[in-house]
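Colleague: Hey, can you work out the whole structure from these sequences and the hints?
Residue numbers (the numbering used here), protein chains in the order written: chain A, 1 to 336; chain B, 337 to 810.
Fair warning: there could be bad hints in the mix.
[What the hints assert, rightly or not] Over 12 Å on every C-beta distance to chain B, these chain A residues come out as not near it, computed from the model:
no., residue
1, 62
2, 122
3, 133
4, 303
[What the hints assert, rightly or not] Simulated crosslink set (DSS-like; lysine-lysine; CA at most 30 Å straight-line):
no., chain 1, residue 1, chain 2, residue 2
5, A, 261, B, 487
6, B, 487, A, 328
7, B, 495, B, 449
8, A, 186, B, 495
9, B, 511, A, 320
[To be verified] Just so you have them, the derived chain A footprint on chain B, three or more residues with Cβ under 8 Å:
no., segment
10, 486-499
11, 549-557
12, 693-700
Hints were generated in silico from the structure; no laboratory data involved. All residues carry an ideal CB built from backbone N, CA and C; glycine is no exception.
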Amino acid sequence: MPLFGKSTKGPAEVVKALKEAVNSLEKGDKKAEKAQEDVSKNLVLIKNMLYGTSDAEPQADIIVAQLAQELYNSNLLLLLIQNLNRIDFEGKKDVAQVFNNILRRQIGTRSPTVEYICTKPEILFTLMTGYEHQEIALNCGTMLRECARYEALAKIMLYSDDFYNFFRYVEVSTFDIASDAFSTFKELLTRHKVLCADFLETNYDKVFSHYQRLLNSENYVTRRQSLKLLGELLLDRHNFTVMTRYISNPENLKLMMNMLKERSRNIQFEAFHVFKVFVANPNKPKPILDILLRNQEKLVDFLMRFHTDRAEDEQFNDEKAYLIRQIKELKPIQGH
Amino acid sequence: MDSNMCQTSKSFDSETAEADASYEEENEHEIATAEFGEEEELKPVDSRPNPQLWITRNSSHADFDDDLENINISNFFHRVDSDQIIYQSKKRRLKLVGKYVMGDLLGEGSYGKVKEMLDSETLCRRAVKILKQRKLRRIPNGEQNVQREIKLLRKLDHKNVIKLFDELHNYEKQKMYLIMEFCVGSLQTMLDSTPDKKFPLWQAHDYFLQLIEGLEYLHSMRIIHKDIKPGNLLLSLENQLKISDLGVAETIDLFAKDDTCFIGQGSPAFQPPEIANGLEFFPGFKVDIWSSGVTLYNITTGRYPFEGDNIYRLFESIGKGVFTIPPEIQEPLRDLLLGMLEKDPYARFSLQRIKRHTWCTRQPSPEGLPKVPVPPLRGDMWHSLTVLPYLIEHYYDEPLEDASEDDGSQHEYITERQLNEMDERRKQRDRTFVVAENSNGNAQSSSSSSKKSSRWKKTISCMSFKTIPGCKQS
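Modeller: Encoded structure:
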C-alpha cells in the first residue's frame, strides 16, 4: 500500500487491522516495533476518515456510521485507552481526536457513542485512572472533559467511587497534570447544574469531608483553587440547599476565619467571599452565632484593616462595610 | 406593531432626549469643511508628545489662530464655484482614552454612543459605551440602572454574557466609558435586514441554545434579566451570542427561599401574563423563560405571539395568554413554544426542561434557507478593525501626504472633475495593488463610502486632501 496514497481500506478493515496491532502491542512480543507502526498508521487512517486531510474531505456520513459501528462492536475504544501508554506520542493524540469526534456524533436527538459508553462505563473509569500515569494523563484529560459535557456520562463519573480519586489527582506534584485534573474536576461539579446540586446534596458528607482536605492542602495552588471553587459552588443558586448546610457548620466557619488570616492575600480574598455568607445568613444557628460573638471585636477590627488598598473595588468595599455593620450589631439570642 | 412595544419601558422617555442630543453632537463635530479647510471631526490631537492632550477641547482653535499668519494666501483664496466644492472627508485623528485607541461609531443606544476601541496594551478589540451624565439624567432611573448594570457585569464571567472589562471616567466632560466585549450587532439588526424578519430554523437553534446557556448562568448567579429580546442579544465576531443590557435586571437575595419578584420592567411585547395582569408577585426566573419564548417565537416566525395597537390592548392580549403558532412551525418546536409560553408561570418549562427538550437536543440540518448574516457596518460586511486607519494615519501620515502631492490634491478643495480623475487613477492603482480589502467593491460606486476602502493606503484615497499648508499640526 502506498504510504501517502489514498487508502482503499474500508472502516471494517481498518478497525480490524488496528485491533490486531493493538493486541500485539499489548502482548509486547518481539514484533512490537512493527505493531507500533501499524497502530500509528491505522490511527491516522481513521482520523482522516473523520476529519479529512488537507486534500481530502472527511468521509461521507454512511462511512463514518460504519466506522462508529465497527468501533463499538470491536470494543476498540476501550482497548485503545487501556493501551494508550504503549502507543507513541502522535498516536496518543490521534486516539484522543478520534475518540472525541466519535463521541460528538449525533443522529437526530441521539448520541450513539454516549449511549454506547453508558453501557461500557469501564471506558470512563479507565480514562479517570489515566491521571495516575504521567505520560497519558493529559490525553485522558481531554477525553474526560469531552465526556463530561454529556449529562449521562457526567452522572456516571460523579456517582462512581473513582470520582473521589480526583481529590488526590488535583494535588499531584506534576503541575500540568494537577491543573488538568482540577479543570476536569470543576467541570464535573459545575457543568450540569441540577445534576451537580443533586449529587452534592445526596453525597454531602462524603464530598465535603474530602473537600476539607483540599482546603487544608500543603499545596498553595490546590488550596487557592479549591477555595475559589468552593465559593462558586456555594454562591450558585442551584446549590442553595448545600450552601445552607455548609454555613450551619461551625467547623467550616472556623476554617474560613483561619483562611482569612492566611499569608497569601489571594487566599484571604477568596476566603472573604465564603466568610461573608456565614455572616450574611439571616438565620444563623447558635454555634455560628457564638463563634462570631466571641470574636466580635477582633473581627470588626480585623475587617477594618482588611485589604484597605482595594479602594477601587466598590463591590468589595460595600460588602466589607456591610459585614462590619452586621458583626457590630450581633446580639446573643434572647434568653441566653 | 408599534416599535415602542419592543422597547424597554425605561427608554420611553429617552427618544426625544436622544434626538436633540445627537443633533447637538452633529453640530459639534461634523462641520463641513467648506468654510475652513481644516475643521476636524475628531479632536485633533498630536498624541505623540502628549497623548492625554485630547481632554483640552480648545487646542485646535488655538492652533488655528497661531497658524493663520503662515497660511499661503493664494491657496487660501483659491476660487471655486460653490457647486463644485466637495466637502472634505473626516480627518482621522488618533484619539486615546486611557490605554484605548478610539475607532468608529458602532451604534447608538438609549444611553449614548457605542464606538469601537482597541486596547493598546493587549491589542484586543473592544467596544466602548460612552455615557453622558447629561443624557442619563433625563432618563428615569438612568443613573441608577447604569450603576446597577456595572455592578452586575463586573462579577459575571460567562461566554454568553457580555463582559465589562474596564470603566473610565472623564469628570470634566461628564462622560463615562464602559469598555466591553466587541460585538458586531444584535439579533434584532439581523432580523431587520431580512424580508421575513426571521432566521432559518438551524440558525435560530444555534442562537437559542446559547441564550439558554447564558440564561442558566445568570440564573445560577441569582440574576433575573427581565429584558430578554432579540435587541439585547448581541453577536461576537465568532458568532457567539452575548446577553447584554442588564439595566433592569434584578438580583435575588442570597438567602431568599425562592425567586419571588415584585417589579416587572422590560419591553411590553416580551412581558409574561403575570406582569401584564399586574400580579403583586410572581416567580422571577420564569419571566426570563417567557421572554425567551417570545424571542424564540419571534426569530423563528418573524412575528410576535401577542400584539396590540397600544400597550393596554397588548397587555390585555398577553394577559389572556391565548395565541396561535403559524402552521409552518412543526413539532417539536411547537411543543417547546407552547411550554415556554405557558400562561401559568409554575407550569411553564424550567431551563432544565428546555435543555432536555427534543428540539434542543436534536441537531438541526443546516439545509433550507441560507444563513442570515450580520448586516454590514457602513458597507463593510467583514466588520474590519476601524481603529486601524487612525493608527495608519497617525504613524504614516507624513510620507503619505507628501506622496499625495503627485496626485494633484494639493488643493484643499476639490472639484468634481478632479475627483473623477483621481477616482480613475485610484482604480488603476487598485488593479496593481492587490490588497485584501473587502469593501473595495462597493466603495467605488459612491464617494461617501470610499473612505472605507481607502483606509489602507492613504494615497489612493480620493478624499484625502492636503490641508492648508502651515495649518498642519507639527
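Colleague: Which numbered hints are broken by the structure, listed smallest first?
Modeller: none
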